[in-house]
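Novice: Mapping of the sequence shown onto the working numbering: residues 1 to 427, in sequence order.
Calculated from the structure, these hints are not laboratory results.
Bear in mind the structure is a predicted one, so any value in this text is a computation, not a measurement.
Treat the hints loosely; a few may be bogus.
Restraint ranges, calculated between C-beta atoms of paired labels, are given here [unchecked claim]:
| # | residue 1 | residue 2 | range |
| --- | --- | --- | --- |
| 1 | E410 | E358 | 24 to 30 Å |
| 2 | S169 | S304 | 31 to 37 Å |
| 3 | S346 | E41 | 56 to 62 Å |
| 4 | K376 | N262 | 15 to 21 Å |
| 5 | N267 | E41 | 25 to 31 Å |
All C-beta atoms in this analysis are idealised placements derived from N, C-alpha and C, irrespective of residue type, glycine included.
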Amino acid sequence: MEWSKYNYLFYSQKISSYILYSALSNMMIELDEEEYQEVNELRKFPQKIDLKEENHKILYDGRFFVESNGTEQNKIILSTLLKRFDNTRLNLTIAPTRSCNFDCIYCYEEDRQNITMNKKVQTGLIDFIKKQNNIKSIGVCWYGGEPTLAIPVIRNLTKQMTKLLPEYSAMMVTNGYCLDKVVDELDELKIKNIQITLDGTRDTHNSRRMLKNGGGTFDKIFVNLQKLALNKNVKIAVRMNVDDSNAREYVELLRYCQKELNSGNINLYPGFVHNTSNNCKVESCYEDSVQKAAFIKKVFETDSIYIGEIYPFRTDKVCISNIQNGFLVGPEGELYKCWHHLGQKSKEIGTVFGNTIENKNIFTDSMLKNDCLFDKKCTDCVLFPSCSCGCPDMRQQGINQCIPAKSMLEDFLEIHYAVKIFQSQKS
1 MEWSKYNYLF
11 YSQKISSYIL
21 YSALSNMMIE
31 LDEEEYQEVN
41 ELRKFPQKID
51 LKEENHKILY
61 DGRFFVESNG
71 TEQNKIILST
81 LLKRFDNTRL
91 NLTIAPTRSC
101 NFDCIYCYEE
111 DRQNITMNKK
121 VQTGLIDFIK
131 KQNNIKSIGV
141 CWYGGEPTLA
151 IPVIRNLTKQ
161 MTKLLPEYSA
171 MMVTNGYCLD
181 KVVDELDELK
191 IKNIQITLDG
201 TRDTHNSRRM
211 LKNGGGTFDK
221 IFVNLQKLAL
231 NKNVKIAVRM
241 NVDDSNAREY
251 VELLRYCQKE
261 LNSGNINLYP
271 GFVHNTSNNC
281 KVESCYEDSV
291 QKAAFIKKVF
301 ETDSIYIGEI
311 YPFRTDKVCI
321 SNIQNGFLVG
331 PEGELYKCWH
341 HLGQKSKEIG
351 TVFGNTIENK
361 NIFTDSMLKN
371 DCLFDKKCTD
381 CVLFPSCSCG
391 CPDMRQQGIN
401 QCIPAKSMLE
411 DFLEIHYAVK
421 IFQSQKS
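Turn these sequences into a full structure, and let the hints steer you where they fit.
Specialist: Printed below as a string of C-alpha coordinates:
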(Lines of atoms letter the chains of each structure in order from A; the text may use other names.)
(Lines give C-alpha, C1' and ligand atoms only; values in the text may rest on other atoms or scores of the structure.)
Protein backbone atom coordinates (compact mmCIF):
# COMPACT_ATOMS: atom_id res chain seq x y z
CA MET A 1 0.00 0.00 0.00
CA GLU A 2 1.21 3.53 -0.79
CA TRP A 3 0.48 7.17 -0.08
CA SER A 4 -1.19 8.39 -3.26
CA LYS A 5 0.95 10.73 -5.35
CA TYR A 6 -2.31 12.50 -6.21
CA ASN A 7 -2.74 13.78 -2.64
CA TYR A 8 -2.17 17.36 -1.51
CA LEU A 9 -1.66 18.10 2.20
CA PHE A 10 -1.12 21.57 3.64
CA TYR A 11 -1.78 23.74 6.67
CA SER A 12 -4.49 26.35 6.14
CA GLN A 13 -4.01 29.61 8.04
CA LYS A 14 -7.60 30.56 7.26
CA ILE A 15 -9.18 27.63 9.07
CA SER A 16 -6.25 26.88 11.43
CA SER A 17 -6.25 23.24 10.43
CA TYR A 18 -4.62 20.91 7.96
CA ILE A 19 -6.44 20.08 4.72
CA LEU A 20 -5.90 16.78 2.93
CA TYR A 21 -7.15 16.58 -0.66
CA SER A 22 -7.26 13.59 -3.00
CA ALA A 23 -7.49 14.24 -6.73
CA LEU A 24 -8.33 10.55 -7.21
CA SER A 25 -11.54 10.68 -5.18
CA ASN A 26 -12.02 14.47 -5.17
CA MET A 27 -12.42 14.15 -1.43
CA MET A 28 -11.20 16.68 1.13
CA ILE A 29 -10.60 16.07 4.84
CA GLU A 30 -9.87 18.54 7.64
CA LEU A 31 -7.25 17.31 10.10
CA ASP A 32 -6.39 18.57 13.56
CA GLU A 33 -2.82 18.33 14.86
CA GLU A 34 -3.23 14.82 16.26
CA GLU A 35 -4.85 13.52 13.07
CA TYR A 36 -2.16 15.19 11.00
CA GLN A 37 0.55 13.42 12.96
CA GLU A 38 -1.25 10.11 12.51
CA VAL A 39 -1.58 10.63 8.76
CA ASN A 40 2.09 11.58 8.51
CA GLU A 41 3.06 8.40 10.37
CA LEU A 42 0.98 6.29 8.00
CA ARG A 43 2.46 8.16 5.06
CA LYS A 44 5.93 7.07 6.16
CA PHE A 45 4.87 3.56 7.19
CA PRO A 46 1.80 2.59 5.12
CA GLN A 47 2.17 -1.01 6.30
CA LYS A 48 0.69 0.18 9.60
CA ILE A 49 -2.71 0.81 8.00
CA ASP A 50 -5.37 -1.33 9.63
CA LEU A 51 -8.66 -1.25 7.75
CA LYS A 52 -10.49 -2.35 10.88
CA GLU A 53 -9.77 1.10 12.30
CA GLU A 54 -12.37 3.64 11.14
CA ASN A 55 -9.90 6.47 10.45
CA HIS A 56 -7.66 4.19 8.43
CA LYS A 57 -10.61 2.87 6.42
CA ILE A 58 -11.73 6.42 5.61
CA LEU A 59 -8.26 7.19 4.27
CA TYR A 60 -8.27 4.01 2.20
CA ASP A 61 -11.83 4.38 0.87
CA GLY A 62 -11.07 8.03 0.03
CA ARG A 63 -8.09 6.79 -2.01
CA PHE A 64 -5.56 8.74 0.01
CA PHE A 65 -3.78 5.41 0.22
CA VAL A 66 -3.71 3.07 -2.77
CA GLU A 67 -2.33 -0.36 -3.51
CA SER A 68 -0.04 1.04 -6.21
CA ASN A 69 0.55 4.52 -7.63
CA GLY A 70 1.63 2.97 -10.89
CA THR A 71 -1.64 1.06 -11.15
CA GLU A 72 -3.74 4.15 -10.36
CA GLN A 73 -1.90 6.11 -13.03
CA ASN A 74 -2.42 3.30 -15.54
CA LYS A 75 -6.15 3.15 -14.70
CA ILE A 76 -6.49 6.80 -15.69
CA ILE A 77 -4.52 6.26 -18.89
CA LEU A 78 -6.42 3.09 -19.82
CA SER A 79 -9.81 4.68 -19.14
CA THR A 80 -8.86 7.60 -21.36
CA LEU A 81 -7.58 5.40 -24.19
CA LEU A 82 -10.72 3.25 -24.13
CA LYS A 83 -12.83 6.38 -24.60
CA ARG A 84 -10.58 7.74 -27.33
CA PHE A 85 -10.65 4.47 -29.28
CA ASP A 86 -14.33 3.66 -28.79
CA ASN A 87 -15.39 2.68 -32.31
CA THR A 88 -19.09 2.40 -31.44
CA ARG A 89 -19.64 6.17 -31.37
CA LEU A 90 -19.02 8.70 -34.13
CA ASN A 91 -18.30 12.27 -33.03
CA LEU A 92 -18.72 14.88 -35.75
CA THR A 93 -18.31 18.63 -35.60
CA ILE A 94 -20.03 19.83 -38.75
CA ALA A 95 -19.56 23.28 -40.25
CA PRO A 96 -22.47 23.57 -42.71
CA THR A 97 -21.03 26.93 -43.76
CA ARG A 98 -17.94 29.05 -43.28
CA SER A 99 -20.01 32.19 -43.81
CA CYS A 100 -20.48 34.43 -40.80
CA ASN A 101 -22.46 37.59 -40.15
CA PHE A 102 -20.06 38.78 -37.42
CA ASP A 103 -16.67 40.51 -37.48
CA CYS A 104 -15.25 39.49 -34.08
CA ILE A 105 -11.93 40.97 -33.08
CA TYR A 106 -10.34 37.59 -32.23
CA CYS A 107 -11.72 35.45 -35.06
CA TYR A 108 -9.23 32.88 -36.34
CA GLU A 109 -11.37 32.14 -39.42
CA GLU A 110 -11.42 35.73 -40.65
CA ASP A 111 -9.49 35.12 -43.87
CA ARG A 112 -11.15 31.85 -44.91
CA GLN A 113 -13.43 31.58 -47.93
CA ASN A 114 -17.19 31.72 -47.31
CA ILE A 115 -18.72 28.47 -48.59
CA THR A 116 -21.97 26.67 -47.72
CA MET A 117 -22.40 22.89 -47.95
CA ASN A 118 -24.19 21.85 -51.16
CA LYS A 119 -26.35 18.77 -51.78
CA LYS A 120 -23.46 16.73 -53.19
CA VAL A 121 -21.40 17.22 -50.05
CA GLN A 122 -24.40 16.47 -47.84
CA THR A 123 -24.93 13.18 -49.68
CA GLY A 124 -21.21 12.45 -49.42
CA LEU A 125 -21.30 13.04 -45.65
CA ILE A 126 -24.20 10.61 -45.20
CA ASP A 127 -22.34 8.03 -47.31
CA PHE A 128 -19.24 8.60 -45.16
CA ILE A 129 -21.27 7.86 -42.02
CA LYS A 130 -22.68 4.69 -43.58
CA LYS A 131 -19.15 3.43 -44.23
CA GLN A 132 -18.15 3.63 -40.56
CA ASN A 133 -18.10 0.15 -39.05
CA ASN A 134 -19.61 -0.75 -35.66
CA ILE A 135 -21.18 2.69 -35.12
CA LYS A 136 -24.12 2.55 -32.73
CA SER A 137 -24.50 6.23 -31.84
CA ILE A 138 -23.58 9.62 -33.22
CA GLY A 139 -22.93 12.96 -31.54
CA VAL A 140 -22.94 16.13 -33.62
CA CYS A 141 -21.80 19.65 -32.86
CA TRP A 142 -23.03 22.27 -35.35
CA TYR A 143 -20.26 24.77 -35.88
CA GLY A 144 -19.11 27.35 -38.40
CA GLY A 145 -18.74 30.06 -39.60
CA GLU A 146 -22.17 30.63 -38.21
CA PRO A 147 -24.34 27.48 -38.43
CA THR A 148 -27.67 29.32 -38.24
CA LEU A 149 -26.89 30.80 -41.68
CA ALA A 150 -27.31 27.29 -43.10
CA ILE A 151 -30.46 26.03 -41.39
CA PRO A 152 -31.73 24.09 -44.47
CA VAL A 153 -28.48 22.07 -44.42
CA ILE A 154 -28.90 21.33 -40.69
CA ARG A 155 -32.51 20.23 -41.25
CA ASN A 156 -31.61 17.88 -44.09
CA LEU A 157 -28.58 16.31 -42.44
CA THR A 158 -30.42 15.85 -39.13
CA LYS A 159 -33.24 14.04 -40.91
CA GLN A 160 -30.79 11.75 -42.71
CA MET A 161 -28.59 11.05 -39.68
CA THR A 162 -31.47 10.24 -37.32
CA LYS A 163 -32.73 7.72 -39.87
CA LEU A 164 -29.32 6.04 -39.89
CA LEU A 165 -28.75 6.14 -36.14
CA PRO A 166 -31.71 6.69 -33.80
CA GLU A 167 -29.21 7.10 -30.94
CA TYR A 168 -28.38 10.63 -32.02
CA SER A 169 -27.60 13.78 -30.04
CA ALA A 170 -26.66 17.30 -31.09
CA MET A 171 -25.42 20.62 -29.79
CA MET A 172 -24.67 23.95 -31.46
CA VAL A 173 -22.00 26.63 -31.12
CA THR A 174 -23.56 29.84 -32.41
CA ASN A 175 -23.23 33.60 -32.08
CA GLY A 176 -26.94 33.59 -31.24
CA TYR A 177 -27.93 36.43 -33.57
CA CYS A 178 -30.17 34.36 -35.87
CA LEU A 179 -31.38 31.78 -33.38
CA ASP A 180 -34.91 33.16 -33.64
CA LYS A 181 -35.09 31.43 -37.05
CA VAL A 182 -34.59 28.00 -35.50
CA VAL A 183 -35.65 28.33 -31.85
CA ASP A 184 -38.98 26.55 -32.45
CA GLU A 185 -37.26 23.60 -34.16
CA LEU A 186 -34.66 22.73 -31.54
CA ASP A 187 -36.50 19.69 -30.18
CA GLU A 188 -37.15 18.39 -33.69
CA LEU A 189 -33.47 18.89 -34.55
CA LYS A 190 -32.45 17.01 -31.36
CA ILE A 191 -30.35 19.99 -30.21
CA LYS A 192 -30.04 19.71 -26.44
CA ASN A 193 -27.13 22.07 -25.77
CA ILE A 194 -26.28 25.48 -27.19
CA GLN A 195 -23.24 27.68 -26.60
CA ILE A 196 -23.63 31.41 -27.16
CA THR A 197 -21.08 34.15 -26.51
CA LEU A 198 -21.66 37.50 -24.81
CA ASP A 199 -18.45 39.43 -24.25
CA GLY A 200 -19.53 41.73 -21.46
CA THR A 201 -22.27 44.29 -21.11
CA ARG A 202 -23.91 45.89 -24.14
CA ASP A 203 -21.31 48.47 -25.23
CA THR A 204 -18.29 46.24 -24.66
CA HIS A 205 -19.88 43.25 -26.36
CA ASN A 206 -20.88 45.38 -29.35
CA SER A 207 -17.31 46.65 -29.70
CA ARG A 208 -15.94 43.08 -29.81
CA ARG A 209 -18.66 41.06 -31.53
CA MET A 210 -20.21 43.30 -34.13
CA LEU A 211 -21.97 42.61 -37.42
CA LYS A 212 -20.01 42.79 -40.67
CA ASN A 213 -21.46 46.26 -41.19
CA GLY A 214 -20.37 47.33 -37.70
CA GLY A 215 -23.83 47.11 -36.15
CA GLY A 216 -24.40 46.00 -32.56
CA THR A 217 -25.54 42.48 -31.71
CA PHE A 218 -26.10 42.38 -27.94
CA ASP A 219 -29.80 43.30 -27.82
CA LYS A 220 -30.92 40.81 -30.46
CA ILE A 221 -28.87 37.99 -28.93
CA PHE A 222 -30.39 38.71 -25.54
CA VAL A 223 -33.93 38.63 -26.93
CA ASN A 224 -33.12 35.25 -28.47
CA LEU A 225 -31.77 34.05 -25.12
CA GLN A 226 -35.07 35.00 -23.51
CA LYS A 227 -36.89 32.91 -26.11
CA LEU A 228 -34.50 30.01 -25.62
CA ALA A 229 -35.01 30.10 -21.86
CA LEU A 230 -38.63 29.01 -22.41
CA ASN A 231 -37.47 25.64 -23.73
CA LYS A 232 -36.54 23.61 -20.65
CA ASN A 233 -35.18 20.76 -22.83
CA VAL A 234 -32.22 22.84 -23.97
CA LYS A 235 -29.23 23.69 -21.79
CA ILE A 236 -27.63 27.01 -22.67
CA ALA A 237 -24.01 27.83 -21.95
CA VAL A 238 -23.32 31.56 -22.23
CA ARG A 239 -19.59 32.04 -22.68
CA MET A 240 -17.94 35.34 -21.90
CA ASN A 241 -14.50 35.59 -23.47
CA VAL A 242 -12.47 37.24 -20.73
CA ASP A 243 -9.25 39.24 -20.97
CA ASP A 244 -7.87 42.29 -19.17
CA SER A 245 -9.97 44.72 -21.18
CA ASN A 246 -13.38 43.34 -20.16
CA ALA A 247 -12.75 41.19 -17.05
CA ARG A 248 -14.40 43.75 -14.75
CA GLU A 249 -17.73 43.23 -16.57
CA TYR A 250 -18.06 39.50 -15.90
CA VAL A 251 -19.94 39.99 -12.63
CA GLU A 252 -22.13 42.74 -14.09
CA LEU A 253 -23.11 40.51 -17.02
CA LEU A 254 -23.77 37.59 -14.70
CA ARG A 255 -26.09 39.66 -12.50
CA TYR A 256 -27.89 40.99 -15.58
CA CYS A 257 -28.44 37.47 -16.95
CA GLN A 258 -29.69 36.21 -13.59
CA LYS A 259 -32.17 39.07 -13.36
CA GLU A 260 -33.44 39.17 -16.94
CA LEU A 261 -33.36 35.47 -17.85
CA ASN A 262 -34.16 33.84 -14.49
CA SER A 263 -33.68 30.37 -15.90
CA GLY A 264 -32.08 27.32 -14.35
CA ASN A 265 -30.98 25.98 -17.75
CA ILE A 266 -28.70 28.94 -18.56
CA ASN A 267 -25.14 29.03 -17.25
CA LEU A 268 -22.69 31.91 -17.74
CA TYR A 269 -19.03 30.93 -17.58
CA PRO A 270 -15.73 32.63 -18.38
CA GLY A 271 -13.81 31.58 -21.47
CA PHE A 272 -10.26 32.68 -22.07
CA VAL A 273 -9.20 33.90 -25.50
CA HIS A 274 -5.90 32.62 -26.85
CA ASN A 275 -4.03 34.28 -29.68
CA THR A 276 -3.99 31.30 -32.05
CA SER A 277 -3.64 33.34 -35.25
CA ASN A 278 -2.24 36.60 -36.58
CA ASN A 279 -5.82 37.88 -37.00
CA CYS A 280 -6.47 38.32 -33.27
CA LYS A 281 -6.79 41.98 -32.26
CA VAL A 282 -6.97 41.30 -28.51
CA GLU A 283 -3.76 42.48 -26.86
CA SER A 284 -4.49 41.37 -23.29
CA CYS A 285 -5.26 37.64 -23.53
CA TYR A 286 -5.00 35.40 -20.48
CA GLU A 287 -2.45 32.96 -21.84
CA ASP A 288 -1.56 30.93 -18.74
CA SER A 289 -3.12 29.30 -15.69
CA VAL A 290 -1.83 32.01 -13.31
CA GLN A 291 -3.79 34.78 -15.04
CA LYS A 292 -6.92 32.62 -15.27
CA ALA A 293 -6.68 31.59 -11.63
CA ALA A 294 -6.18 35.19 -10.50
CA PHE A 295 -9.37 36.20 -12.31
CA ILE A 296 -11.39 33.34 -10.80
CA LYS A 297 -10.09 34.06 -7.30
CA LYS A 298 -10.77 37.79 -7.57
CA VAL A 299 -14.37 37.21 -8.66
CA PHE A 300 -14.95 35.11 -5.55
CA GLU A 301 -13.18 37.45 -3.15
CA THR A 302 -14.80 40.64 -4.40
CA ASP A 303 -18.28 39.40 -5.32
CA SER A 304 -18.68 35.97 -3.63
CA ILE A 305 -19.23 34.31 -7.00
CA TYR A 306 -18.06 30.72 -7.11
CA ILE A 307 -16.85 29.71 -10.57
CA GLY A 308 -16.85 25.95 -11.08
CA GLU A 309 -13.17 25.77 -11.97
CA ILE A 310 -12.25 26.64 -8.37
CA TYR A 311 -12.54 23.04 -7.23
CA PRO A 312 -10.80 20.45 -9.42
CA PHE A 313 -13.07 17.68 -10.67
CA ARG A 314 -12.52 14.38 -12.45
CA THR A 315 -12.79 14.96 -16.17
CA ASP A 316 -12.10 13.23 -19.46
CA LYS A 317 -8.90 13.84 -21.40
CA VAL A 318 -10.65 13.57 -24.74
CA CYS A 319 -11.13 16.01 -27.58
CA ILE A 320 -12.33 15.55 -31.14
CA SER A 321 -8.69 15.82 -32.22
CA ASN A 322 -7.51 12.83 -30.17
CA ILE A 323 -10.38 10.39 -30.54
CA GLN A 324 -10.29 7.84 -33.33
CA ASN A 325 -13.84 8.47 -34.54
CA GLY A 326 -13.78 12.25 -34.21
CA PHE A 327 -13.80 14.55 -37.22
CA LEU A 328 -14.49 18.14 -38.14
CA VAL A 329 -16.37 18.21 -41.44
CA GLY A 330 -16.03 21.37 -43.52
CA PRO A 331 -18.63 22.67 -46.00
CA GLU A 332 -16.73 21.24 -48.97
CA GLY A 333 -16.64 17.80 -47.39
CA GLU A 334 -13.07 18.17 -46.17
CA LEU A 335 -12.09 16.44 -42.94
CA TYR A 336 -9.95 17.85 -40.11
CA LYS A 337 -8.98 16.80 -36.60
CA CYS A 338 -9.24 20.21 -34.92
CA TRP A 339 -11.69 23.11 -34.89
CA HIS A 340 -8.79 25.54 -35.35
CA HIS A 341 -7.96 23.98 -38.71
CA LEU A 342 -11.22 24.67 -40.53
CA GLY A 343 -10.50 26.13 -43.97
CA GLN A 344 -6.74 25.41 -43.84
CA LYS A 345 -5.94 23.24 -46.83
CA SER A 346 -2.64 22.10 -45.32
CA LYS A 347 -4.48 20.66 -42.30
CA GLU A 348 -6.96 18.46 -44.16
CA ILE A 349 -6.72 14.74 -43.39
CA GLY A 350 -9.10 13.64 -46.17
CA THR A 351 -12.65 14.14 -47.42
CA VAL A 352 -16.02 12.50 -46.89
CA PHE A 353 -15.71 11.17 -50.44
CA GLY A 354 -12.66 9.04 -49.60
CA ASN A 355 -12.53 5.62 -47.99
CA THR A 356 -9.43 6.19 -45.87
CA ILE A 357 -7.57 8.92 -44.03
CA GLU A 358 -5.34 10.44 -46.68
CA ASN A 359 -2.99 12.44 -44.46
CA LYS A 360 -2.01 9.94 -41.80
CA ASN A 361 0.75 12.23 -40.48
CA ILE A 362 -1.68 14.92 -39.32
CA PHE A 363 -4.10 12.28 -38.03
CA THR A 364 -1.38 10.54 -36.01
CA ASP A 365 0.10 13.74 -34.61
CA SER A 366 -3.34 14.97 -33.57
CA MET A 367 -3.98 11.72 -31.75
CA LEU A 368 -0.65 11.34 -29.99
CA LYS A 369 1.90 14.16 -30.37
CA ASN A 370 2.84 15.77 -27.04
CA ASP A 371 0.06 13.75 -25.39
CA CYS A 372 -0.25 14.39 -21.66
CA LEU A 373 -0.80 10.66 -21.10
CA PHE A 374 2.84 10.05 -21.95
CA ASP A 375 4.28 13.20 -20.39
CA LYS A 376 5.85 12.37 -17.01
CA LYS A 377 5.50 15.96 -15.87
CA CYS A 378 1.74 15.61 -16.36
CA THR A 379 1.25 12.08 -15.05
CA ASP A 380 3.19 12.94 -11.86
CA CYS A 381 1.22 16.14 -11.31
CA VAL A 382 -1.07 15.99 -8.28
CA LEU A 383 -3.95 17.22 -10.48
CA PHE A 384 -3.47 14.70 -13.29
CA PRO A 385 -6.77 12.90 -12.47
CA SER A 386 -8.60 16.26 -12.56
CA CYS A 387 -7.00 17.75 -15.66
CA SER A 388 -8.40 17.59 -19.17
CA CYS A 389 -4.86 18.30 -20.43
CA GLY A 390 -6.24 21.24 -22.37
CA CYS A 391 -6.36 21.78 -26.11
CA PRO A 392 -4.14 19.21 -27.91
CA ASP A 393 -3.51 21.65 -30.77
CA MET A 394 -2.25 24.29 -28.33
CA ARG A 395 -0.14 21.72 -26.50
CA GLN A 396 1.58 21.01 -29.81
CA GLN A 397 2.32 24.73 -30.11
CA GLY A 398 3.83 24.81 -26.63
CA ILE A 399 1.05 26.94 -25.13
CA ASN A 400 0.51 26.45 -21.39
CA GLN A 401 -2.54 24.24 -20.86
CA CYS A 402 -2.49 23.73 -17.09
CA ILE A 403 -5.85 24.20 -15.39
CA PRO A 404 -6.25 27.35 -13.24
CA ALA A 405 -6.21 25.38 -9.98
CA LYS A 406 -2.62 24.29 -10.67
CA SER A 407 -1.23 27.74 -9.86
CA MET A 408 -3.41 28.46 -6.79
CA LEU A 409 -4.36 25.05 -5.46
CA GLU A 410 -4.19 25.92 -1.77
CA ASP A 411 -6.24 29.09 -2.27
CA PHE A 412 -8.84 27.25 -4.32
CA LEU A 413 -9.15 24.35 -1.85
CA GLU A 414 -9.60 26.83 1.00
CA ILE A 415 -12.33 28.64 -0.93
CA HIS A 416 -14.16 25.42 -1.71
CA TYR A 417 -13.89 24.24 1.88
CA ALA A 418 -15.24 27.53 3.23
CA VAL A 419 -18.18 27.42 0.80
CA LYS A 420 -19.04 23.84 1.81
CA ILE A 421 -18.90 24.71 5.50
CA PHE A 422 -21.14 27.73 4.94
CA GLN A 423 -23.64 25.65 2.97
CA SER A 424 -23.76 22.96 5.64
CA GLN A 425 -24.35 25.54 8.35
CA LYS A 426 -27.23 27.09 6.37
CA SER A 427 -28.90 23.73 5.92
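Novice: Any of the earlier hints contradicted here, and which numbers?
Specialist: Hints 1, 4 and 5 are the ones this structure does not satisfy, whereas the remaining hints hold.
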